[in-house]
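Top to bottom, those sequences are chains A and B.
If you're matching positions, the first sequence starts at 1 in the working numbering and goes up one per residue.
If you're matching positions, the second sequence starts at 218 in the working numbering and goes up one per residue.
Quick caveat, the hints were computed from the structure, so don't treat them as lab data.
Note that the structure is predicted; figures quoted are calculated from it, not measured.
Treat the hints with care, since some could be wrong.
[Claimed, not checked] Cβ-to-Cβ under 8 Å is the rule here; a few derived chain A residues that face chain B:
id, residue
1, L121
2, A126
3, A135
4, N160
5, Q163
All residues carry an ideal CB built from backbone N, CA and C; glycine is no exception.
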Amino acid sequence: MVTGLASTQQLLEREAQAWRDLPPAEYDRAVCGMLDDVGAAPHSPERVDALLALAGATLRRNGPTLTESPACCAERLLALGSAVSEPALHWRIGMLFLLAWLQLGAAVERGPESISVAPALPPGVALPNGVDPAAIADPALREQAREDVQRHREAAERWNAKQRALGHLTRLATLARASRGAFGDDGDAARELAAAMSLVSGLSAARRRLLQDDDAD
Amino acid sequence: MGSRQQAYTNQKAALRPASPKSGNRSSRSHGVLHLQDSIGNRTVSRLLAARSDSRGPHPGSVVQAKCACGGGCPECEKTHQVHAGAEQQAGRAPATVTSGVTPLPMEAAAAPKVQSSVVPGAPSPGVEGERPLPSSPPIATPPVATPGTPCPTHGDLTKKPDDVICPVATDSRASGTSILFAHNSAVLDATALSTISAVAAAWHAGGGTGVLRVDGYASVEGGDPLNWRLACNRALMVEAELMAPSDHSAGVPWTNVEHFAHGETTEFSCTSLPPNRRAVITTPGGAPAPTCSVATRTLVPAPDGTADTRTAVGVNEQVEMTSSAPATWVAACGTVVAPAMGTTAIWTAPAAGGTCTVTATPATGGPCSVSMTVLPPSSRSLVRTGLQAYTAGLAGSGFVATVTINPTGVSFTRTELREDTVAGVATGYYDTVLGWNGSIHPATAWLSPDIHNSGLVDTIGTVPPGSGGPFSEGTFVWPIPQSFRTAGTAGTGSPYSTAFHVQVMIGPSGAEGTAKEGASRGRVP
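Put together the whole structure using the sequences plus the hints.
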């Protein structure tokens, strides 16, 4: 049992309940809070187990707009990797970090290339674009406009998730570079992990180079 | 090189130790004495006086008056008595202390000495203080302060030898970057050399301005005269190393370094001697001299191409910060994430505009910091990219535009923006024929811009296929409030500008113009 914290089993139950009961944004926040609690506890084998178990459970979720929980996991894994020395732990930390990285990459892939500030109104309404659909007199056109608003809301969530994921990838690339040794001392393994990370889409060329070139600035 | 600078360089050379190849390490600890032996006290005093002339006396110094005779004449004796008497009478620092600095409480001659009776015997002239205690009778650990004795205490000015060339400090600089010394030594060890080199590097990284001050101290065992010499030696050794670091890195010009002696002290510890064997480096404001420098690189490039080393960033923007030495990181605002005692940190700017200082504190020496300017969004710019298609005979001049968030010298990728609710104001055709007066523009979705502060598309104007007649003059305006907030948070955000959506019909022809935030279009039905 983690000192002053819930047991690993209790943490996993709380994570499962959050996934079941909360919308994606709140699930993200709940998981990050749990990771913060465990991360702040004194270093111990129990804490390591709890962090790895919670990260493993979180990263097996696959919501289309989940970005914060994978990013929180990745940050905690980097910190944990710098604090442990066992090769087996480094291997698992590396795999979980890559899983978080790929989830963020998937959020980038799912996002649109651009997004309208507001959905265009259906043709024939003789109103200015951007007006509240409630102003549309024709019931069919009004309903169509409301459906367009709903679709736009979903597209906006994917767009925002894409931008957040890109930001996380950029930051994690920097942190991963600064936390040399978080994935162990095996240079080949580190290079292979970096190569896998660089395959994710959306990273700037500069960040991609940073990942692959240990000696880059 | 001017003659004065050459003279000072010679002095520095005399102060520096012999190279390791020469094997004469002891020359370092006695450098000033050797210097004084070789060129004479009066010459050294003139050199230092010349430096003082070039910069003016330091406000915290007491420049000792020197008689033309070199000492010993009745005029000299008179001057000395006046000074000493004044200090004794006042029981505090001489009147020459500049206001704004903290006078030391015990530096006057009247201050009771703590240690003078502890070490028996006076050291021989020409030999440094903090002399080892005689072996018989043994005194294992000499008390620094005895019960009932005031602490801290400071050097007795009346016992400062005339051949001590350092000005006397009258204000405390105890909180600076400290260089510690061994007992009875002014030798700089490897840690000291590294710290001083880092201070010099940080001075250059900080722009190479400002005067670094070095204060030398000695612990209280040994006699006052010799501890004045030792304190001065320590200050001079640190100053010489600052001017020409042993690792051959860039030094601080002599015009930007000054030195002071405090004599013996218990300022750093009343119960232990070693902490008082030190020199302290401070900046003009009294802060510890930095021993590191911080480089910044934004994680996202600025859309306008401003270099990633920029120190102006958008709200919530993230910056990679790298210190020249492993450090702990603290941000006055925003948040900082860093591996423990690492050289790299990620700083996230706060959600509101302002100025924010991020500080890296190395394990030894003074901290270094960087000041970041945080900018909120100021406005949007629209660039027309397409036209709405209207039916002939119907009015309409709408268009599609890409939105860019300003200023483009910073990134807003970690910020969400939206258009807020507003009611339209319509006149003429737009009111009487179309009934748009009071039309509600609802709040839009919160959206983050991409790395170009853009990626957002706005469609403006009448919805196709257009509006019918009868046409007449009229206007329609939506003054749309624009707000921003931190990406991924809840709340209504903060307003930053107003976007005016304007449509104007100029008469019965139905000719219309539509404009918003720098983009526009005109069309005749």
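Check: Checked against the structure, which of the hints given earlier come out wrong?
Finding: Hints that this structure does not satisfy do not exist here, as all of them hold.
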